[in-house]
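Go ahead and model the full structure; you've got the sequences and the hints to work with.
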Amino acid sequence: MSSIHQLPLELIDSCIGSRIWVVMKSDKEFTGTLKHFDDYVNMVLEDVTEYENTPEGRKTTQLEQILLNGNNICMLIPGGTGPSA
Amino acid sequence: MSSIHQLPLELIDSCIGSRIWVVMKSDKEFTGTLKHFDDYVNMVLEDVTEYENTPEGRKTTQLEQILLNGNNICMLIPGGTGPSA
Amino acid sequence: MSSIHQLPLELIDSCIGSRIWVVMKSDKEFTGTLKHFDDYVNMVLEDVTEYENTPEGRKTTQLEQILLNGNNICMLIPGGTGPSA
Amino acid sequence: MSSIHQLPLELIDSCIGSRIWVVMKSDKEFTGTLKHFDDYVNMVLEDVTEYENTPEGRKTTQLEQILLNGNNICMLIPGGTGPSA
Amino acid sequence: MSSIHQLPLELIDSCIGSRIWVVMKSDKEFTGTLKHFDDYVNMVLEDVTEYENTPEGRKTTQLEQILLNGNNICMLIPGGTGPSA
Amino acid sequence: MSSIHQLPLELIDSCIGSRIWVVMKSDKEFTGTLKHFDDYVNMVLEDVTEYENTPEGRKTTQLEQILLNGNNICMLIPGGTGPSA
Amino acid sequence: MSSIHQLPLELIDSCIGSRIWVVMKSDKEFTGTLKHFDDYVNMVLEDVTEYENTPEGRKTTQLEQILLNGNNICMLIPGGTGPSA
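Chains as they are written, first to last, in UniProt numbering: chain A, 1 to 85; chain B, 1 to 85; chain C, 1 to 85; chain D, 1 to 85; chain E, 1 to 85; chain F, 1 to 85; chain G, 1 to 85.
Hints were generated in silico from the structure; no laboratory data involved.
Just so it is clear, CB atoms sit at the ideal spot from N, CA and C, and this is done for glycine as well.
Pairwise CB distance ranges, derived in the manner of DEER restraints:
(1) G:E10 - D:D13: 44 to 50 Å
(2) B:T61 - F:G70: 39 to 45 Å
(3) C:N53 - D:G17: 31 to 37 Å
(4) E:N53 - F:I16: 30 to 36 Å
(5) E:G17 - F:D39: 25 to 31 Å
(6) A:Q62 - B:E52: 19 to 25 Å
(7) E:N53 - G:E52: 27 to 33 Å
Straight-line alpha carbon distances no greater than 20 Å define the calculated PhoX-like cross-link-like pairs of lysine-lysine that follow:
(8) F:K28 - G:K28
(9) B:K28 - A:K28
(10) E:K28 - D:K28
(11) A:K25 - B:K25
(12) F:K25 - A:K25
(13) G:K25 - B:K25
(14) F:K25 - D:K25
Written out as structure tokens, the structure reads:
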């Protein structure tokens, strides 16, 4: 890999074990601890909060462990604490 | 596979024979016992409950065995018991 | 193919000659006898019933033989008898 | 090609020179005589009738010869006579 | 290329220098003289009429030369004269 | 490259340094001077006018230099002067 | 790389360490300092402002560091200062 292109995957790699905020293409959002990921940015998160916009306002759900499909991810925010109230 | 990238497929593999909650991109959700999967995360589930949001509210359907198209899956929750009532 | 990943295609293969219920991404549904399929899960069905949701309610059409485009399939249910009335 | 997977392309091949009904992902439908096709199921049809749902009801157009983009096809019905009136 | 699969690209090739009617996936339509194309069916048309459905009815625009993105094309009609008024 | 398929990329190449009108799949349009492009038709334009349809009518924005994602481009019009007022 | 095709990635490379304005396909926009990118134009931005169109008007959010999924990017504007108020 030439010096011109530094792999953002190395940024994700530096987040292993830390909290991360994930925004999906479908506007669903998650915060959680990043445990694993692969080259397609499929990610395993633990101690997860799911944020969902519903007609009744924002709904949050607590989940122990999830696997997210990388091709549905729009943006990652290392250390992110999730959408403001 | 370098230590940097642990394959989330190994998480899925650890779920074989256990209950799993699957959320599709189309907002359909399933819980079932994971029997098989392949590298494209096409999955075979058994003793399945399908959850569907309809204008009349949430509809559930019991199915013996299904094969899900991996490229339509948004999220997997190992041991997940499905959407709250 | 390592023991970790069993190919769901083998499940489909076991359905050749039997009835199968196919749910498309576009919410169209089919039941029919599975005659052939390929690695992209393009499928040939015979003695087919097509189920379509129209403003006037569910419409069913009988078709002798059809070829379905695999990349438009969401879910397969071996032995499935189609959507309840 | 192992006996497990029979190529549906062989079904299409058997339709060369015969009438076929094609349903697109966009709900447009065509009937015509199948002249050629390739591995991506791009198809050349002749003596074609195009069926289109418009606010004023179903519109049909006669076309001598067309080439259809395979990745936009949802379903093929060999010998199909098109949507009922 | 086995005799079973005749390449529709050969049909397109036979249209070089002739008029052709192109229907896009987005319902935009074009007629023009086909000058060049490549294996992805990206096409160069000259003496072009663009047909667009707008709230105020059909709008036509004359363009000298255009390059169309192949993956956005739904259908080609050799010698086609465009949508009826 | 056989004589049958002339690469439209050669048309784009002939536009380097000239004005070009770009229509995106999202209906956004641009005119500008073409500086660079690659095999995926990612393009660098300079002295750019962006045309956007908003509820309040057409909005134009002047931009010095932009890089456009090729897979979002629908059509290129060499020498094009942009949408009529 | 032949002289015909100059890689726009070289333009992006020249922006490393500078401010850049990114417009996504979903109409979300960002300005930030470009730190890294890869061949898929996945990008790491720092000192980021996110611009979002909401029913209540434009909402801006400050973020320390983000990773953007390249296949969701529509346009890059080197040195861009973001959408006018």
